[in-house]
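A.B. asks: Here is what each chain is made of, one letter per residue.
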Amino acid sequence: MNRKIASILIGATMALTGATAAGAGTLEDVKAKGFLQCGANGGNLIGFGATDEKGEWSGIDVDFCRAMASAIFNDPTKVKFTPLNAKERFTALQSGEVDVLSRNTTWTMSRDSSLGLQFVGVTYYDGQGFMVRKALGVSSALELSGAKVCTQTGTTTELNLADYFRSHNMPYEVVAFEKNEEVLQAYEAGRCDAYTTDASGLYAERLKLTNPDEHMILPEIISKEPLGPAVRQGDDKWFTLAKWTLFALLNAEELGLTKANIDEKKTSDNPEIKRFLGIEGNFGEPIGLPADWAYNVIKGVGNYGEIFDANIGPSTPLGIARGLNNLWSKGGIQYAPPIR
Amino acid sequence: MNAPSQTFVSDVIIPAQAPPRNSVGINGWMRKNLFSTPLNSIMTVILVVFIVWAVTPFIRFTLIDATWSGADRQVCLQSSGACWAYVKAYLPQFIYGRYPIGERWRVDLVFWILVIGMVPMLIPRAPFKRLNAIFLLGIFPVAAFILLTGGHYQFAGRLIPNSIMPPSPLRFAIEFGIVSAVILFFVGLFAWLSGRPIAGSGNVVGTILAGIAAVLALCSIDFGLVPVETANWGGLLVTLVVAITGMIASLPLGILLALGRRSEMPVVRLASTIFIEVWRGVPLITVLFMASVMLPLFLPDGVTFDKLLRALIGVALFNAAYMAETIRGGLQAIPRGQYEGAKALGLGYWQMMRMIILPQSLRIVIPGIVGSFISLFKDTTLVIIIGLYDFLGQIQASANDAKWASPVTGLTGYIFAAMVFWAFCFSMSRYAAFTERRLDRGRR
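Chains as they are written, first to last, in my numbering: chain F, 1 to 340; chain G, 341 to 784.
Only chain F is shown next, with the shape it has when bound in the complex (with noise of 0.2 Å):
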């Protein structure tokens, strides 16, 4: 009721503003438009959603959106980026201020069930990690024991780090701070032995030590924080399309279809590639696109490896090791149904 009266009023206020409603289908708005709205971080994670001092925009969040906009438009740049923060995130899709959220978000069953969202799959797999000294000469979290760690208060990570030190039978010892600077200050400081966080966010930390080459990050990762783009619920269509943009960038990989030799694999015998480039079979037309959708999204932004590469891969400051996020074929977890 409240909620009635309250859409009457502000309905009349926008009157005057002149706002417009969202018509049909998502696809059908944002092909009327021009460009896709996508919600990135704005907080500037690195190698996730960043502007750059020009404000230009880079991450692999940001990549998918510019995929989205290759499928649809045939044209990266036609995506149009609003810098969102935590907080206001779910509700900025939620109220359609922006077509697809694209903003490191862990994917989580009360996230997907009760917030009117879809998950699209899973861009990268995060998880908790654990940085240490290279002069510690530790190289496993298992011979962590008696260590003081350092991390955030109120957050999952405390959490995650008593389960994990409990169930392994080790004792440690919490050196939790407010802020995020202040962890990594004491951690600098030789307060503590070891500082975790995700795994992503340490790799970010690191940089901003002193002499990041004297630290490491363990392999273990102790959680599970799948990052995923998500869409609104309700629109199946749109999600399928999200869904298809983030399976043609791993399929393309595993293909070997990348941003350079795309245009000479026209003419592979493949029938899977020849399926991929809308050389055989019409897979666009479904989802309200061109046959050769998965061709403009490679050929706007590359494959999978590639974005994972340009930004936070290991020739990138960031330099992560593709571990999880590998193909499956090539020991990750990463893995598309096929196209046919």
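Each hint can be trusted.
Quick list of in silico lysine-lysine cross-link-like pairs, DSSO-like style, CA-CA up to 30 Å:
1. F/54 with G/718
2. G/743 with F/78
3. G/743 with F/224
4. G/718 with F/179
5. G/743 with F/80
Derived Cβ-Cβ restraints for the label pairs, each shown as a range:
6. F/309 with G/394: 44 to 50 Å
7. F/274 with G/509: 47 to 53 Å
8. G/414 with F/115: 41 to 47 Å
9. F/340 with G/519: 55 to 61 Å
Worth flagging that the hints you see were computed from the coordinates, not collected in a lab. Since the model is a prediction, treat every value here as computed from it, not as a measurement. Glycine included, C-beta positions come from ideal geometry on N, C-alpha and C.
Following the hints, put chain G in place on chain F, whose structure we already have.
C.D. replies: Frame of chain F, contents of chain G only:
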């Protein structure tokens, strides 16, 4: 024979002696101000030691050990001083946020128009104050709005169902006409019921409606400017937009609320009191949070309300409540005789307020108003909570950039932010002190 006179009259003036050397110059000043008693001497020594101890590292960090130029984090990585190279590289973003680079001249233009409008306004001797005020409060906001957003708003209208008339600017114009007519009708009705001249109130409301129509018409003209969404505004631009809008909107609103709270009409008094107490009783951060997270959920699906606009309204109403209480303090300080004198002259309520009471009371509360403005200016940093990247938010976000991340990057950013905020707030405070002295001249 007279004895020679014993009296001696000097016929030369003894030349003035230089004052004792230890009472003039630096020595004298120090003796008088720093070392006048043993206790003061000890205090001086302790304080000097403290200042040297506290300031030296700061100067070392910001000036001596600082890195002034470089291309990326490598230059700052090993340095123990501030990384000014990073501030230099990021300065445009600190100022404009993510405003498209090719369009930034529009922001500059707005800024210079503001400066041209403000400077003569702030200099007491400059002529044409009235025209200047009209320019600054009437023309400048519209010009700034069109320049910053790009204008060319497509009003489609909403009230008339699509089946009768498809959305178009014409439909909006018709709706606007209908709404205006209804408002004018009620104003006329009200005036008739209360026995006032209908033409008087009708003229005022009609002028306001015509003004709104003109502004809307201007905003719908296509000036060929690329539209820039407010989501891409940031940095000092957002800080100044929020602060200036908040200041300009909260002052008149606050005056009205203060008068309302002291009104003899119970409904007006109650309404003003409730408004003031509710807004003063809620933290600004809650207001912003409600505006950004709750409001969209109440809106019909697909209707979005500009985020910056939400913040502007929240900040303006919030500060109006504080302003009202500041101004009420001034109103209460005016002796009763002033009110009675004004009434004895036959002045009406508004005339009395405008010509006798408000000029005096506003002068009394200048320090209070400036205090509110300064805290408003600093409070703008809270808009980060709703995902608007103001000056401080932009600095915080940029410190994460992999290209510049280093142990000193974040610290440098905060120092820079503090310096800029201090410069703004200090100049406001100095100008207020100057105005105070000038207005106070008659009373001394």
